[in-house]
Structure formats: structure tokens, C-alpha cells
Amino acid sequence: MAMEKQNQEPRIGFYVCHCGTNIAGMVDCAEVAHHVGTLPNVVMSKDYKYMCSDPGQELIQKDIAAHGLNRVVVASCSPLLHEHTFRGAVEKGGLNPFFFHMVNIREHDSWVHTDRQEATEKAKALAQAAIGRVAHHKALETKRVDINPTTLVVGAGIAGIHTAMTIANAGKQVVLVEREPTIGGHMAKFDKTFPTLDCAACILTPKMSAAGAHENIRLLSYSEVTKVDGFVGNYKVTIKRKPRYIDEEACIGCQDCIPACVFKTPKFADEFNEGLGKRRPVYIPFPQATPQIVAIDPNVCLNFKKGENGDRVVSDKCKKTCVEACGDKDAIDFTQTERFEEIEVGAIVVATGFQTYDATRSPSYGYGRYDNVYTALEIERLVNASGPTGGHVVMRDGKSEPKSVGIIHCVGSRDKKTNAWCSRVCCMYSMKLAHLLKEHTNAEIYNFYIDVRTPGKGYEEFYGKLLEEGVHFIRGRVGEVTDWAMTPEEEGKLVIRVEDTLAGMVRRIPVDMVVLATGLEPQKDAQDVRRLFNMSCGSEGFFLERHPKLAPVNTFSDGIYIAGACQGPKDIPDTVAQAGAAAAEVLALIDKGYVEQEPNTAFILEDECSGCKSCIPLCPYTAILFDEKTDKAWINEALCKGCGTCVGSCPSGSIVQNLFEDQEIFSEIEGVLAYD
Amino acid sequence: MRYGYFPGCSLKGTGRAYEESLLPVMQHLGVEMVELDDWSCCGATAYMAVDEGKACALAARNLALAEQGGFAQVMAPCSACYLVLNKTQHFMQDYPAMRRLVDKALGSVGLKVSNDTPVRHPLDILLNDVGLDAVKQKVTRPLKGLKVAPYYGCQIVRPYSTFDDQADPVSMDQLLQALGAEVIDWPLKTKCCGGSLTGTLPEAGLRLSYILLKEAKKRGADLIATVCPLCQFNLDGYHDKIEAKWEPVRVPTVYFSQLMGLAFGMPANRLGLQRGFIPMPSLPRAEAVAA
Amino acid sequence: MEIKRTIKYQADRVRGFGREVMSVPGCEKLKDCIQCGTCSGVCPLSIYMDFTPRQVMALTREDFKNEVLASHTIWLCASCYACTVECPREIRITDIMYELKQRAIHEGVYPKRFPIPVLAQEFTTMVRQHGRVSEGLLVTKLYLKTNPIAALGMAKLGMGLMKTGRFSLKQENIKQRADLARIVATVDNESVKA
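Going down the list, the sequences are from chains A, W and C. Sequential numbering of the first sequence, starting at 453, is according to the working numbering. Sequential numbering of the second sequence, starting at 275, is according to the working numbering. Sequential numbering of the third sequence, starting at 2, is according to the working numbering.
By construction, these hints were calculated from the structure, which means they are not laboratory data. Please note: incorrect hints may appear among the correct ones.
Derived DSBU-like pairs (lysine-lysine); straight-line CA-CA distance at most 30 Å [to be verified]:
no., chain 1, residue 1, chain 2, residue 2
1, A, K590, A, K1093
2, A, K945, A, K692
3, W, K378, A, K945
4, C, K146, W, K519
5, A, K719, A, K851
6, C, K164, W, K286
7, C, K157, W, K515
8, W, K492, C, K157
9, C, K176, W, K378
10, W, K491, C, K164
Heads up, incomplete: computed chain A residues facing chain C, CB under 8 Å, no partners named [what the hints assert, rightly or not]:
no., residue
11, K868
12, R929
13, E951
14, A955
Even glycine gets a Cβ: it sits at the ideal position worked out from N, Cα and C.
Using the sequences plus the hints, can you model the full thing?
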């Protein structure tokens, strides 16, 4: 039936939507309908309050039957929102859904213009273009493509772990990639979690080991994604396995090699403890690290010493005592090099997290200049029982406890000169640290804040608890931290100068220790990751969700999802909720088993192809192949994403794209140009 | 290296030692400074407080004179002049209405300003045009053992930091090190000296000078090196009042250019050093270095 | 004990004052102030102010013209620009202080014999008339106009300056004083603020 209609004289129905006052407030819809009604081939032209409502859709269906319509145009909002709805309505009315075209007169017109008359004229021009185009539409069929049920999760902090576990628990295979030697991310470094004060390790490490041992999860630690090809349901991903100089299969996690190292005392800054502790060249980041496999740091291991010409020379000081200690297990392998592995997955969840603001970028707070100025993350390690001091809060001299501490909020947050956004978690973690520091040292604690933000379950109550405990809250953004004294009590202290804005005066407050509540920002390489997965970023660099309210874990690339702080600063409860949402989206996709592909693919007119092959390297999806027998190119429809690159580049004009045929585009342009 | 030299009023008055030392030092380094013909006052901080339109127009007159004189760059040694001339350029660039006003005002006397002549500080020129290596080569009497607190004051790095870090400037530190001096690390190098308040509201202004002197002394400085005539005046001229109110903090304050002259082997009285109140300590025994 | 009404009624404001200030070049971003107090925290003179710089920002934005123009704060600003470079909202507080000083001078609402506005005006007059500032002459005039007795206390400093060749009562002049006058007159005829 559809094919018959294609050859008939076009009988077009046109509908313009008011969208309440969203469109009608700026565009005279009745006038648009009237104008379009005068155009050739238009049988029916109406305006209606809400075209997307059931009565609106029924209107289209009834008119198709009553007036013998064979083409439909709706002028309303963005096709992103309702193209699907109207194609469905047209199909229900008995037409091929591709005999439909949509005009966006909301986002492209009423919302962005302020002159009613001009906006109305623009709507008329756009509608006229669509009328011209739709006459040339052809009946098309959507294609179904099977989905590979394996999922890739990138990043194994709490977001990635929770996503991977949820999908794996549903019986699906997951590949979990983490670039560090252990999973766990930032949460593994935290001491307690707000507002409940339960121990972060106690709730995280069971999940870490469960993820490491899950039969449906393949954990690739110390690895990075380097290449992503394909499309929703069928991605090919290349993963770099960085050498940890340990045979992962052979290492049993006994850690006998660590004390055997020729470095009798740990000597190198320990990343997990934010440099407050030391480790050896062969190390495991922390006792509950997952996987329980050691790593060797080639930058400091004597075995990797570089000679003057840059070649590796084995230092005679290295006795390979680690190898000796490993014994029969023979897990240490100094010859390891990076390897690349290709995997195939149907969906990808990016959960690459955040980094904390570099406090040296705010020199007035003295980080790096004064010993006893700390970042919040350093304090997390300092109060932690498994931290570098065993949970004993001492300052950098290694012995004295602070008697007074100033915690400065919003360092690298809410500041147009550094990061303009609120990092959302700092108020709460500052209060948590205030509580812990007080508990450990009974020091006087001062919080310096711009606004206390406690928008979470139990958060405001936690603030109340801190006030009860006698922690000071001074409303004012600190001007500076210095070490020069005005009064005897300031001698030898760090002096915080701040306006107590609620009291309305400037104060100087001497303290022993300053803690900088550094904000959250995108990872240094977020832009590279964005390009790798073909995502978008907001202006601040966090990955952009498809819709801030209705598609918060989707991206603009189908089959690629985001979870956790890579999308924006968030706390653990929100991160886990988002991780669960991403897992649910993945499962909904996989369980359906297939995706319907928009039939806007390109095809080659074989008779006209000269076999020049110029299109082949241009295709970003490697969808164009060359048939040596016929000496012609052909396009694999399953791979074509309808980008149009080949169409525009073909020297003989022998590539055609569905829904974007020359006639359709030219008629659309003519429609706009013919309008004056 | 040729620059249109904008001395400003202070370098002809209370700050004449700055000019007296800067001219021979720059000449010694092959830097040509040609005084702008018939320059007028930059307006300093006072004019902005009365009328920013006139302040900009009068400052822009000097920029126009520099262009007329064919100078590609202007050197402004006084911090206030340096700031005001730079600020005028920013205002003209950022606010078309201001630009039109200035154009009209200058046009009334046949002057024109294209607003693209960089206004630079001698420190900037010494570090980036002359280079520290060239400075080092001229040092015949290194300031070895002399502990100097470099004091930048407000207006050369704030609000426009064009050649040095706003929060922690280092250009003068590097220069002093090149002269062989020992540089004192202190957190007050860009703090305010009190500006004109030492004269108009001494109880507020002098306190700031006192804090600077006290801290420099506490950290073992033999002297303070400055880049600004008003800072030099405030830190040098009020010791009796400061002593009466607080305590003796007798640390001399000299211009960086005077220290350069000494390191280059020039006699102190040719560098205006006799004009300070708190005398410069005698240099550690001269160790002549082959030039 | 003397008591004073401190509540503010809407009628106590001068409506449009804040908007007017914010329309001046350099003062636009006052709109963005979040009252964090960084300006006061870094201001070396905030310890003497009747209103902190942050409060001046709030009062200006909320149209409390009389309170702002009569405050000591605007005269205590030494133009060190510390607030301007540290403000997390990029508000040019120093420039706003300049604008408020201008308005206070224009309306004559500053404490009598208060030397700071007098200095600003004497300075400006001298520059307008002669093109250059002669510091010795300027300071002498200032003391005579505000506090002749205090001038005695400065005598020692003056003598010292004289001895070191740094004090002179001679008026410096530029050649093109007529040009200067015309430039000033042209600016007077235009209005940047229009």
C-alpha cells in the first residue's frame, strides 16, 4: 500500500502546534496555518493547541482517512522530542511513517525571537520549505540490528563498580576497565562518609572484592581504553594493558616481594596516601586493593634505571631480591611491555570520575608554601586508621597535634577565576572532617564558608550536630593565610584573615593547621575521553547528559552512558543512584536485543560509481567497502550512520542518502527562498 | 632598545633618587630612555576619584605624545603612572564610549591615540628585553651577603599582571639575585604601604608601613628594595612617627635601581643614595670581579 | 544611653542609585556580588572602616545612597586593588570605590576638613591648571586647608626633605597648558555616563 501512495499526486496535511503559549505566544499560528493552506498540494491546514496530545495525534489519523492524505507535516517543537510520536501517529493512520516531516518552530523560532511578526514570518518560511520537501519523501523501512550483550564500564570508582555489579548481577557480561593498579577510586581514600559516619572502607571494600571475583565481570586493572569504533549494539574497543611487570595470573597476592626489595625502608611518595606516606618501588596501593596483585613502578625501581643515552641499564645495586622472594611462583616479569587487546561490546558506561582542584592555584591560601596547610584529601588519609600515621592526627613535623584548625570552604569552587561552579560535596565533607578532627584531637575547629549547603537526606541534621559539638562556623570567604604575626598569640601560627560577614567585621584568627576544601573538577584528560567516546562536554568540561532532567545518564551517542562525577560533582548517594540508572538503561537496551536504525543511510548507484575509492577513507564508520569483482564501492548499511560525508564528496554524484536526497534538499531550500 | 620615558611627577620631586639611579644604570646597559616632550601628570589615584573621563583623557594625552614622538614603547618607572597608563588603555579598549570621549578630547587639540603602544615597567624591560645575563655581565661589585627584602607594592602587578605573577611576583627577586644579593622570602611583598593615606590619615596609613618594616626586620633584611617612589617615601620618611607610636624598625628602603648602580660599581652619591633618611648599610667588603 | 532607629524603610533608599552606579564603566559586575567578604578579608584598611567593603557593595546595590556616600570606607580605600584581583565574581571593587568617591565629592557629602577628598580635589586642580603636580606645594596647600596645626608636626619631615633636595615649593608647569584646558573642557561637554 505504501508503495502505491508514493506514486500518487501528493495530498499534504499540515498542522501547526501552539504548544500552549510556548509557540503561540510568539507566533501567530492561525496565520501560519492559513498561509500554508494556500500552497500547492496542501489539502488540509490546521492549528491546534497541543499536537502531541492524544486528540492531536487522533486529528492526524482521522484526516488521513477522511481526506485521503498521503503526506503529513507538523510544525511544533524539536524533532528530538516528538518526531517519534508523530511518525507513530502517521503510521497508525495507515501511511509509511517516513511520509512525514517535522518543522521546529519552537527552539528555532518562538523561543529565540522577540518580534511576533518576524517570528510568524519565519515560521511560514520554514513550513513552506517542509511542504516542498515532503512531497518528495519516499516510503522507507527501519532496520533492526542485533545488540552484543556485553557491556564495557570505564572507570572503577564507586560509580563504575556499582554499574558493573548491577549489570553483572542481571546475568550479563561486563568488562570493567580501570587505569590505576587497583579499583576503588576516590572513595577508597575516604575515612568516613557523611552524614552517617560509616566507614568508607567497610562499605566499599566488600563491593570491590565482589566485583573482582564476580563470574560475569572481567576486571582489567592498570588498563586504558585507547580506541572506540562502531555504533550502538556493536562497538569495537581497543584496550591498552599497561605493564605492571607482574604476571597477573601467577601473582597470588602474598606480597612477600615487597619487604624483600633492596629499599629497606619505603622511600617514594605513596599516591594512595596523597604523598603523606612512603612506599617501595614494588607495592600494593593499600591492604584491600583489588585485584590483590602488586605492581612495580619503573620510574623508581633500580631495574629500570636509565643510562646516560636513555637505554635501560640494570643497576648493580639491584639484587633482584623481589624475584628471589617470589620463588617458584615466578610472577615478576621485568620484560613486560604494554599490550593492546580488542574487545566487542554492545554498550559502554563511562564512569571516569573527577579530580580535585590543585590548591597551589590559590596562592593566597599558602598550600605548598606553609607546611601545615593541607588539602581535604590529605586529611582523609591523616585521620584514617590505615593511613600513614595510623589515624594519629599530627602535623608535618610528625609529632605535634593541632590545637586549632581552620577549614576553608570553596577552594577552587564558586570562583570565576578558577572554577565557577559549586562542587556540591565540600560543605558536607568539611563538616565531616571537622567532626573527625575534633574527635581525634579535641582542637578548636573553625569552618569558613560562603554558604552552608546541605541539600540531602540527613545533611542539615548533620550541620546541627556539628553546631552542637561546638565547631565554629564563620561566614566569610577567607582573604588569605599567612605566617606573619601582629599579636603575641599569632607568633608561630598560621593566621587566617577573613571578614566575619555576619558579625560585620574583619578578623585575624591564628590556627595550627589549615585545611583547604578543594573542589571537584573534570579529570585532566576529560577532553581526550570525550573525543574517544564521541560525547559532549559542558563549558566547564564535565560530560554532558542528553537531557538534564529526562535523560541524565544518556549521552548524545546511542549506547554510551555516563555515571558519577564525570558528569558533574556529586556525592556518593547520588553517584550510586546514577550508576544504578546507567545500569538500568544498559539492561533495557540489551534485553530488547536489537536496535532500530533510522533508515537515513546512504547507498551507491552502482551504474554511476566510477570506482575511484575516494569515499572509502572518508567514512568515519568504515562502512564503505570495495568490491574488487565489480570494481565498485558499496556501503554496509548496518555500519552507515547517515552522516553524509561520502555523499558530499563523491566526484560522480553517485551516492544517495535516504531522507536527504537531492530533490528533497533542493525543494526544502526552494521553499525557504520562494517565501518573501 | 629605545623607549619613550614617562618619569611622572614624583621622579622629579620626592622620588628623584629613582630617576637619578635609573638613568645611568639603563644607559650602562645600552637602554636608551628619551623623555617624552611636555608630558603631563598621569592623574595617579586622585584624579580617578574626581572624574574618570578626564583622568583617562589626560593620561591618554601622554600616550598620544609617545606615538607622536615615534616611540614603539613607553617606560613608566613609577607604579602609579604604570598602572594609570595601562588602565587607561584597558578602559579605552573595553568601553567604546570611553574611547569616543578620549578621541574627541584629544582631537580638540589635534592629538590622536591608536592605543597600541605598550606601557612597560623597568623590571619588565630588564628581565625580558635586556635579560639577566646582560645584567650579570655588568656586575663588578656583587652585593654578596646583603640581605634584601624585595617589595613590589600594589600597582605594578595589580590589577593587570602583564609581566609577573599577581600573587607571587619574582622579577625583582631574580634581578637582585643576579646582582649577588641574598633575597629574603616574606609574605608581604605585594601588600599596600598605605599609599597617600600616610599623609592624609596617618593613623591608618602608617600602620601599614610599620607592618612592612617590622616584618622585614624580623626576617633579617638589611634593607628593603622597592620599585615605587611613594612606597620608598612612606617606608623611609616616617620612622620617627612610627617609633613614637610603636617601636623602632629602622630598615632602610632603596630603589632596586640604586642597588643595580652599586653592583655596577657606580658611586653612591651618583645614585641619589644621599637622599634617603635611613642610611644604606655599608656594603660588605668589595670583591672586585673582572668585568 | 542614646538610642537610634536602625531599621531601614524602603523610603530610606534613593531608588535607582545602585542601578546608576552599575551602569558606569568598571562597575557593572557589582550585580554579581554574592557577599562572600573576600574584599574585606584582603583589604589592608578594612580594619578602620565603618562599613566593610562588602557592606558598601550591598548598600550600593540596594540603593542606600546616603549611607554609602557618607561612609569613611570609600575614603579609606588606598587603591591597592587587592580586592579587585581576589574577588571570585570579578567585581572591580576599586573602580566602584572611585565611582562612589566621585559622587560624594560631587554632592559635597564628606566630613568637613577631611583631608582625603580635599587632597583629591587640590591634586586635580593643580594638574588641570599646570599639567604637573608639585608635591611640596600640594602638601602645603592640603595642610593649610585641613589642619594647619598638624602641619607643624610635619615640619621635621619637610626640613628633612629640603635637606635631601626633595622638597620644593616651586610650581612645575608644562608648555601646552592651553591644550590641557581644551581637553578638560571637551570632556566636560560630553558625558560618558549618558
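>> When the structure is checked against the list of hints, which entries are broken? Sort them ascending.
In response: Structure breaks hints 2, 3 and 14.
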